[in-house]
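2 protein chains.
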Amino acid sequence: MITLHHLEASRSFRIIWLLEELELSYQIERHERHPETMRAQSSLKAVHPLGKAPVLCDNGFTLIESGAIIEYLLNRYDTRGLRPPISSEDYLRYSQWMHFAEGSLMPPALLTLVLNKMANARVPFFARSIVKKTVNSTLEGFVMPDLNTKLDFLDTELGNTGWFCGSHFSAADIQMGFALQVLHGRGLVGDNLLNIKAFLEAIRLRPAYQRAKEKAGLLTLSLPGKNESQEPKVEPSVDATSASTTDAAR
Amino acid sequence: MITLHHLEASRSFRIIWLLEELELSYQIERHERHPETMRAQSSLKAVHPLGKAPVLCDNGFTLIESGAIIEYLLNRYDTRGLRPPISSEDYLRYSQWMHFAEGSLMPPALLTLVLNKMANARVPFFARSIVKKTVNSTLEGFVMPDLNTKLDFLDTELGNTGWFCGSHFSAADIQMGFALQVLHGRGLVGDNLLNIKAFLEAIRLRPAYQRAKEKAGLLTLSLPGKNESQEPKVEPSVDATSASTTDAAR
Numbered sequence: 001m002i003t004l005h006h007l008e009a010s011r012s013f014r015i016i017w018l019l020e021e022l023e024l025s026y027q028i029e030r031h032e033r034h035p036e037t038m039r040a041q042s043s044l045k046a047v048h049p050l051g052k053a054p055v056l057c058d059n060g061f062t063l064i065e066s067g068a069i070i071e072y073l074l075n076r077y078d079t080r081g082l083r084p085p086i087s088s089e090d091y092l093r094y095s096q097w098m099h100f101a102e103g104s105l106m107p108p109a110l111l112t113l114v115l116n117k118m119a120n121a122r123v124p125f126f127a128r129s130i131v132k133k134t135v136n137s138t139l140e141g142f143v144m145p146d147l148n149t150k151l152d153f154l155d156t157e158l159g160n161t162g163w164f165c166g167s168h169f170s171a172a173d174i175q176m177g178f179a180l181q182v183l184h185g186r187g188l189v190g191d192n193l194l195n196i197k198a199f200l201e202a203i204r205l206r207p208a209y210q211r212a213k214e215k216a217g218l219l220t221l222s223l224p225g226k227n228e229s230q231e232p233k234v235e236p237s238v239d240a241t242s243a244s245t246t247d248a249a250r
Numbered sequence: 001m002i003t004l005h006h007l008e009a010s011r012s013f014r015i016i017w018l019l020e021e022l023e024l025s026y027q028i029e030r031h032e033r034h035p036e037t038m039r040a041q042s043s044l045k046a047v048h049p050l051g052k053a054p055v056l057c058d059n060g061f062t063l064i065e066s067g068a069i070i071e072y073l074l075n076r077y078d079t080r081g082l083r084p085p086i087s088s089e090d091y092l093r094y095s096q097w098m099h100f101a102e103g104s105l106m107p108p109a110l111l112t113l114v115l116n117k118m119a120n121a122r123v124p125f126f127a128r129s130i131v132k133k134t135v136n137s138t139l140e141g142f143v144m145p146d147l148n149t150k151l152d153f154l155d156t157e158l159g160n161t162g163w164f165c166g167s168h169f170s171a172a173d174i175q176m177g178f179a180l181q182v183l184h185g186r187g188l189v190g191d192n193l194l195n196i197k198a199f200l201e202a203i204r205l206r207p208a209y210q211r212a213k214e215k216a217g218l219l220t221l222s223l224p225g226k227n228e229s230q231e232p233k234v235e236p237s238v239d240a241t242s243a244s245t246t247d248a249a250r
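Protein chains in written order, with the UniProt record's numbering: chain V, 1 to 250; chain W, 1 to 250.
Among the hints, erroneous ones may be present.
No copy labels: a pair is met if it fits in one copy or bridges any two.
The calculated lysine-lysine pairs, modelled on DSS-like cross-linking and capped at a C-alpha distance of 27 Å, are [to be verified]:
| hint | residue 1 | residue 2 |
| --- | --- | --- |
| 1 | Lys117 | Lys132 |
| 2 | Lys132 | Lys213 |
| 3 | Lys45 | Lys197 |
| 4 | Lys133 | Lys197 |
| 5 | Lys215 | Lys197 |
| 6 | Lys45 | Lys213 |
| 7 | Lys197 | Lys213 |
| 8 | Lys197 | Lys132 |
| 9 | Lys215 | Lys117 |
| 10 | Lys45 | Lys133 |
| 11 | Lys133 | Lys117 |
| 12 | Lys215 | Lys132 |
| 13 | Lys117 | Lys45 |
| 14 | Lys215 | Lys133 |
| 15 | Lys45 | Lys215 |
| 16 | Lys133 | Lys213 |
| 17 | Lys132 | Lys45 |
Derived by calculation from the structure, the hints in this document are not laboratory data.
This one's a predicted model, so the numbers in the text were calculated from it and none came from an experiment.
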């Protein structure tokens, strides 16, 4: 039996979504977040030394990292063609997006979360504006220009077919869709990025996505005052290991 | 002809190293960093809209992301067995590390770079200690504990065979080796992590690594005052898109 160790509002949503797309039989082991730090409770550490979600157990093996878990499930159970044939040009795109989601898109999301948390840290009143200015200088000078360049690029790419590789939905849309959802949930996807918005709407309409949402609980954690998402949200905590999804391994 | 677009002290070193391991014929297109910002000059933007390295061109296709480029080269040209058979348990480990390097290990490296840069930002003297304290609180409270948990985990994993998957060197050692090298170059790998240190020494002794080093120039960018690496280094700039390797796409 496939067992997914799931943490609410974490990357493990991706895996529930994929399992639903594949219509597989599986069980979910739920782990709680600490009510104050929002980090995963120690029960996840008993499953894997890093104590992050998702963790997949199947066939005697314990696996971490969204990308690796998705590849494993596709290698073993994909009868729906959620990955293009390895010899096709679409496979190159697929592979690129599978790595891009966590390698290039989540890091600026992580930075916005940590820096916004710092800008709102409690400091003596006389230094408050200086701390905010220092943080904002990094956000506006480095983080946001980089993030916006990437989002513009993604918006253009999605303009081809509406999906990330080829003319059909693939597992790359799950891997990238979660990252875009996190950014959108924090108000970081500009209104001009119409292809990204249409893509997010298209994935939300998928029956497997809707079933996953019912099983997963909260999908993403959002920043206070930045909530424009259609998804439910809670207050975030800063976790160096993840972007908006604290304690979620990649 | 395979063309690699290379930026000194960036993730594109990984690809040169792999090309040397595979003993392939290829050409390197070198791009310069801006002498002040250390970001890639605009010549890279002409190759790919994101303007980051590595970019690989082959067979009429332009590909980004270290992980995707490595997979492409192995699918097409691997005659050395640098990836375990897809049906083996070692393949699961391989896949996990291929995603872990950029998904889990580089993000805390990125945070240490950005936060250290902020701690040393020019601010009015009366607020200087408050800014440093705010930054250090995030570093010591979140970033370093997370990074150290991950490094401890990696040190234990490397204790099995000395390599990341199975008993032989694989492309996962290239993907992970670069990330560990970056962290080591910034003095972030503790002296107690003997298996990581032995691993770094083992990869440096590989003839392909040494040939790649000659062709690549600087391997990593390091933080001022944190240089304990055996590698050459330059002063860093902060780039929201990468960790120690500014302007390097993943």
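Find the hints from earlier in the document that the structure breaks and name them by number, from lowest to highest.
2, 4, 8, 9, 10, 12, 14, 16, 17
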